[in-house]
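Here is how the chains run, residue by residue.
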Amino acid sequence: MCTTCGCGNGETKIEGDAHQHEHRHADGTVHRHDHDHDHQHDPAHTHRDTAAHEHVHEHGQHDHGHDHSHGHAHEHEHVLPDGTVVRHSHDHGGVAAHGDHVHFGVGAAHAHAPGLSQSRMVQIEQDILAKNDRHARFNREFLAERGIFAVNLVSSPGSGKTTLLTESIARLLPSLPVTVIEGDQQTANDAERIRATGARALQINTGKGCHLDASMVERGLERLQPPDESVLFIENVGNLVCPAAFDLGEAHKVVVLSVTEGEDKPLKYPDMFRAATLMLLNKVDLLPYLDFDVARCIEYARRVNPAIEVMQVSATKGDGMDAWLAWVKLHAVTARHARVAPKSVAAE
Amino acid sequence: MHEMALAEGIVQIVESAARANDAQAVRAVWLELGALSHVEQEALRFSFDVVTRGTVAAGARLEVLTTPGLAWCMPCGESVDLARLGDPCPKCGSHQLQVTQGEEMRVKEIEIA
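Residue numbers (the numbering used here), protein chains in the order written: chain X, 195 to 542; chain R, 5 to 117.
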């Protein structure tokens with residue numbers, strides 16, 4: 195998709211989800227290609243889209259106008275990047291669709307070419323992440339119906355997320371079912387490390403993509419089918435920037451920061467620390483050998499997120515693991531009690 | 005660089021609105037981006053140019069309206085300006101701030117022909 199850095203969806207691979215074929219021709223040429231078994235399946239999603247489109251068609255293509263002219267003019271003030279302020283108004287000549295916020299101006303205030311096909315403004319007012327957020331809502335419902343507690347673990351590469359996970363799973367598994375969705379650009383190494391603990395894990399390779407998005411997780415959930423009333427850990431791609439913006443449908447984002455990193459990371463990457471409910475300060479067993487100011491780091495985190503909880507842990511030595519796992523169990527119990535009946539049952 | 009994914013989201017929204025309005029071309033896309041939103045504008049502009057190639061929005065101008073950041077300061081009990089996440093209240097220096105505006109990432113309107 196992108197010529198430089200990617201983030202295209204085409205390269206996403208979910209274990210077992212894409213068939214890769216290799217054809218060898220008589221002359222020795224080898225062709226490889228993928229089939230991506232992607233499919234649209236959720237009626238709620240398409241319904242929303244279709245509804246919005248129908249709305250647009252209705253107003254856009256029929257000339258028999260609305261008699262109930264709204265007659266209101268919207269005045270806009272645009273501040274351009276160079277500081278110039280542009281004011282103009284749109285007269286909504288009687289065509290305005292509320293609800294999905296599709297308004298049609300009569301003509302663009304910006305169109306200055308009489309005689310030429312006039313350009314016009316179409317108001318859209320849609321969140322850029324609306325599509326991701328729809329998938330995230332679907333995931334959240336899927337999890338709520340099953341009483342599953344989902345945590346989205348985010349951090350920079352090398353913070354010790356996977357070790358933290360394997361240690362956590364080893365302690366949780368006897369009493370609580372755990373599954374894992376592993377996000378990485380490449381390799382299934384982390385999923386294999388998780389499976390060694392006995393937990394089921396699904397690897398999603400984002401290819402050139404720098405974060406998991408909600409539709410990847412939706413496909414992952416379908417394949418993984420986590421058990422009811424379990425804990426689902428989603429290990430995001432190691433990246434303190436991009437995953438902050440993408441709701442996956444999780445209950446909480448937990449950011450892992452290791453004390454071998456800079457204590458000012460919360461200030462450098464405020465979006466992520468703001469998006470997280472809990473910060474795990476990992477590798478605290480190494481503090482005696484480092485020049486890391488724990489109090490200052492926590493203070494920085496609370497500057498960007500006054501409500502963030504903080505726990506100090508060492509996944510390898512066990513410090514703080516009881517507190518962290520108590521947090522997980524508490525939320526798992528809450529998710530179990532809050533389990534909502536599936537819609538089909540609730541409707542009866 | 006999630007700006008590529010954001011640009012793809014923008015183009016999907018724009019294409020669908022352009023189709024619904026029988027647009028031959030999209031001349032400009034107006035975005036509203038909050039000053040505190042998860043976007044690096046230069047990266048987004050680059051991504052937008054790449055992603056719109058071969059679409060109805062190819063060559064469209066990208067206009068960005070920046071919404072300033074605002075937060076509710078608990079100690080002051082009033083709304084204050086916030087230029088960046090992590091900055092203190094400009095009045096009392098506290099960090100007990102709740103962002104109330106500036107995280108928007110929206111496609112506002114498009115100019116079509």
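Simulated from the structure, these hints should not be mistaken for laboratory data.
Glycine included, every Cβ here is placed at the ideal spot set by N, Cα and C.
You may find that some hints are simply not true.
Unchecked claim - Partner residues are not named here, just some residues of chain R that face chain X (Cβ under 10 Å, in silico): (1) Gln16; (2) Ala29; (3) Gly63.
Broken hints, by number: 3
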